[in-house]
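Undergrad: Sequence:
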Amino acid sequence: MLLLSSRYNRAIGALISIALILLLYITLATETTRSWLAISSNFRIRPTPNPFTVEELYQEVNITDWGGMGRRVKKLSHWATSLIKDPSADRSAFESALLLLFDFLRSTEGSIYKPWSSSTNSTTSSLQLGIVVCVGSKNVHMAGHLIASLRRVHDSKAAIEVAYAGDDDLSPGKRAFLKTLDPELSFINLLDVFPTIQSDLLGGGWAMKPFALLASSCPRAILVDADAIFLSNPDSIFDAHPGLSRTGALFFHDRGAGSGGSTRGKQWLEQQMQAASISPSHHLTNESLFWSGQVDYEADSGVVALDKSRPAIVLGLMFATWMNTKKVRDAVTYTMFHGDKETFWIAMELSGVEYSFDPWYAGAIGEITDREDWDEGDRQRASGLGRQEKEESVVLPEPEKLCSDHMLHLDHSGQAPFWFNGGMYRDKRTDTLELARMTHYWVGNTSDIRLTQPESGWFWLNGVIACLLERNIMVLPEEVKRVVERIEKEAKRVDELAVDFKWEGQGIL
Numbered sequence: 001m002l003l004l005s006s007r008y009n010r011a012i013g014a015l016i017s018i019a020l021i022l023l024l025y026i027t028l029a030t031e032t033t034r035s036w037l038a039i040s041s042n043f044r045i046r047p048t049p050n051p052f053t054v055e056e057l058y059q060e061v062n063i064t065d066w067g068g069m070g071r072r073v074k075k076l077s078h079w080a081t082s083l084i085k086d087p088s089a090d091r092s093a094f095e096s097a098l099l100l101l102f103d104f105l106r107s108t109e110g111s112i113y114k115p116w117s118s119s120t121n122s123t124t125s126s127l128q129l130g131i132v133v134c135v136g137s138k139n140v141h142m143a144g145h146l147i148a149s150l151r152r153v154h155d156s157k158a159a160i161e162v163a164y165a166g167d168d169d170l171s172p173g174k175r176a177f178l179k180t181l182d183p184e185l186s187f188i189n190l191l192d193v194f195p196t197i198q199s200d201l202l203g204g205g206w207a208m209k210p211f212a213l214l215a216s217s218c219p220r221a222i223l224v225d226a227d228a229i230f231l232s233n234p235d236s237i238f239d240a241h242p243g244l245s246r247t248g249a250l251f252f253h254d255r256g257a258g259s260g261g262s263t264r265g266k267q268w269l270e271q272q273m274q275a276a277s278i279s280p281s282h283h284l285t286n287e288s289l290f291w292s293g294q295v296d297y298e299a300d301s302g303v304v305a306l307d308k309s310r311p312a313i314v315l316g317l318m319f320a321t322w323m324n325t326k327k328v329r330d331a332v333t334y335t336m337f338h339g340d341k342e343t344f345w346i347a348m349e350l351s352g353v354e355y356s357f358d359p360w361y362a363g364a365i366g367e368i369t370d371r372e373d374w375d376e377g378d379r380q381r382a383s384g385l386g387r388q389e390k391e392e393s394v395v396l397p398e399p400e401k402l403c404s405d406h407m408l409h410l411d412h413s414g415q416a417p418f419w420f421n422g423g424m425y426r427d428k429r430t431d432t433l434e435l436a437r438m439t440h441y442w443v444g445n446t447s448d449i450r451l452t453q454p455e456s457g458w459f460w461l462n463g464v465i466a467c468l469l470e471r472n473i474m475v476l477p478e479e480v481k482r483v484v485e486r487i488e489k490e491a492k493r494v495d496e497l498a499v500d501f502k503w504e505g506q507g508i509l
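Under UniProt numbering, residue 509 is the last one in the sequence shown; the count climbs by one each step, no gaps.
Don't read these hints as lab results, they were simulated from the structure.
Among the hints, erroneous ones may be present.
Subject to a maximum C-alpha distance of 30 Å in a straight line, what follows is the list of computed DSS-like cross-link-like pairs (lysine-lysine) [unchecked claim]: (1) 327 - 481; (2) 75 - 326; (3) 75 - 157; (4) 266 - 138; (5) 428 - 157; (6) 157 - 341; (7) 157 - 138; (8) 138 - 492; (9) 489 - 138; (10) 489 - 428; (11) 179 - 157; (12) 157 - 492; (13) 179 - 428; (14) 481 - 75; (15) 492 - 481; (16) 481 - 138; (17) 341 - 179.
From a predicted model like this one, the values you see are computed outputs, not experimental measurements.
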């Protein structure tokens, strides 16, 4: 009996011990759960709104499938927008997806402005304005004219960044010379920013431009060719230009020239839009002479203005940059289009991003050719215009001839010359430092093909200098003439400084 009682007591004791252990375990587990929930609540951990399936993310990118790329970029834009709305959301999955699409971004963390990233934006205002210029040894003198005119003629306060691809592209001595023109000037070595694709950039020419715009530290960035010249201060363009203010992307038209339009490029783009499952934008269907098949080129990329604080814009720029990587440009881009010039707006179009064009097609700025210097071809063209006058039974002004290496663009009002390319020299292809004479100009109208082209159509001197015969060539306004004179003075000053600036026994020019 005593033995049974002892066994009973031991069993009861064991049960009590087990119960105490279970109670302690439950208590600790509950507290651990409460602590984890508290941590989760404090850090506000939420699922990331990833719009991609695993198959989409890891599907190999086909460099000819720009439409498919456009679909992916559009998804990335929506994803990036949601990340911006939730600063605490994890960004690692997004960054991984970005690298899968654009592998040239590898090793660029912290060096490229991204509106969804706190690491690169902590000291950068979304309103910070910058002008970025690709400069090489062959155009350093024209870049000097641009920099000096921005600072000393227009009093521009924008940050100016010079992009280049290593010392062989722009030597330390020539960088030092440019620094004397503007002590606040900064330099971007694209080989350092994009270390995984240095071979794409070495000798890349036009292809460097979207990389430079992407590498600019400024959210509001204006990409400017080294041979471009502004006739008024561009600092206010993001607020003053209605199209740029609305969309965050501004492009300028090329001349309304061509032999009836490049159908190959247009047809290929139509196929890509079908692949992207999108319809042509309002711009293409209502304003584009390229899309209507009447001209060969849509854009002049001498000036491109983008507001990179908008995620869709900077992702569209990354798309354009991808189009200019060596593999893609050699196989597709430069076989379909003339260099980089169309890639900026096509990237926006295919990814469903609204953009704007300055509505006026490019013209020319230069001087009138005396009639005694006309050749037989000029007289025949003028005779053709005379027949038109007889048919219309009206007396019209005599046509004038303007030949120029300088393509001109108007400001957003359409009333004043804004910028031109080709530099300040009469002929930038020669070693002479003779400056061009600029007394007259003509600019095409909007998407009416007759008003976009000069009466004679564009024709070419020596295959490179654009000429026109037109009755409505205008005299440069006096205030613009005064600006041109001041820029000429600065150009001469820069050239004189360049001759005297020496390193290793060599002058800069």
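Undergrad: Could you run down the list of hints and mark each one as holding or not?
TA: Structure-based check of all given hints:
Restraint check for residue 327 and residue 481: the C-alpha separation of about 45 Å exceeds 30 Å, so the hint is violated. Restraint check for residue 75 and residue 326: satisfied, since their Cα atoms lie roughly 25 Å apart, inside the 30 Å limit. Between residue 75 and residue 157 the CA atoms are separated by roughly 36 Å; this puts the pair beyond 30 Å, and the hint is violated. For the hint pairing residue 266 with residue 138, the CA-to-CA distance comes to about 33 Å; that exceeds 30 Å, so the pair is violated.
Taken as a hint, the residue 428 and residue 157 pair is honoured in the structure, with Cα atoms around 28 Å apart against an allowance of 30 Å. At most 30 Å may separate the alpha-carbon atoms for a hinted pair to count; residue 157 and residue 341 meet this at roughly 27 Å. For the hint linking residue 157 to residue 138, the alpha-carbon distance of about 27 Å falls within 30 Å, and the restraint holds. Between the alpha carbons of residue 138 and residue 492 the distance comes to roughly 18 Å, so the proposed pair stays at or under 30 Å and holds.
The hinted pair formed by residue 489 and residue 138 meets the criterion: a straight-line CA distance of about 22 Å does not exceed 30 Å. Note on residue 489 and residue 428: the hinted pairing holds, with a Cα-Cα distance of about 17 Å set against a maximum of 30 Å. Between the alpha carbons of residue 179 and residue 157 the distance comes to roughly 16 Å, so the proposed pair stays at or under 30 Å and holds. Taken as a hint, the residue 157 and residue 492 pair is honoured in the structure, with Cα atoms around 23 Å apart against an allowance of 30 Å.
In summary, the hint linking residue 179 to residue 428 is supported, as the alpha carbons are separated by about 23 Å, within the 30 Å threshold. The suggested pairing of residue 481 with residue 75 is violated, with an alpha-carbon distance near 49 Å, which exceeds 30 Å. Only pairs whose Cα atoms come within 30 Å are accepted, and residue 492 paired with residue 481 is accepted, the gap being roughly 17 Å. Straight-line distance between C-alpha atoms of residue 481 and residue 138 comes to about 28 Å, which keeps the hinted pair within the 30 Å bound.
Only pairs whose Cα atoms come within 30 Å are accepted, and residue 341 paired with residue 179 is accepted, the gap being roughly 29 Å.
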